[in-house]
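Asks: Sequence:
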Amino acid sequence: MADGARARRLAKRIAQIVASALEHDIKDPRLGNITVTDARITGDLRDATVYYTVLGEDLDTPPDFAGAAAALESARGVLRTKVGQGTGVRYTPTLTFVADNLPGEARHIDDLLARAKEADAEVARRATTAHPAGETDPYRLPPDED
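Read left to right, the sequence shown gives residues 5 to 150 (my numbering).
Hints listed in this document are in silico derivations from the structure and should not be mistaken for laboratory results.
We put the beta carbon where it would ideally sit given N, CA and C, even for glycine.
The calculated label-pair distances, taken between Cβ atoms and stated as ranges, are:
| no. | residue 1 | residue 2 | range |
| --- | --- | --- | --- |
| 1 | D141 | R44 | 58 to 66 Å |
| 2 | P107 | A137 | 41 to 49 Å |
| 3 | K31 | D114 | 28 to 36 Å |
| 4 | R12 | A110 | 23 to 31 Å |
| 5 | L145 | L117 | 39 to 47 Å |
| 6 | T100 | E122 | 40 to 48 Å |
| 7 | A137 | L59 | 47 to 55 Å |
| 8 | G47 | Q89 | 18 to 26 Å |
Please construct the entire structure, taking both the sequences and the accompanying hints into account.
Replies: Laid out in structure tokens, this is it:
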């Protein structure tokens, strides 16, 4: 078993190698809008999981997750060879690609924040015309005896 620091360094290096290979070496047009977001490796350094996201060409076209997954599967051997050459480890880890829905989750969080902001604005608007339910000063003070 490798220590955690070595595994993290190797995972980071694998992510860099895969991203660079997707950008420069592999000429599949389905891989043009793929971004590698993270990589994780098991403690025995035998299996690596590479997380990726697919960006749409523009706002009108949705990203092609199926095409990107198929392209990554067909390029898995080439990418594993690049990882083996770039890391220099004794055993080149097998690569597994997992789609990371980061932009979709970010959009969902943005929608939630916008709804919360609208709700806060509504509460602030209602507070400007609100009156206390009871007396204006609910804390009664004892009468002054002078």
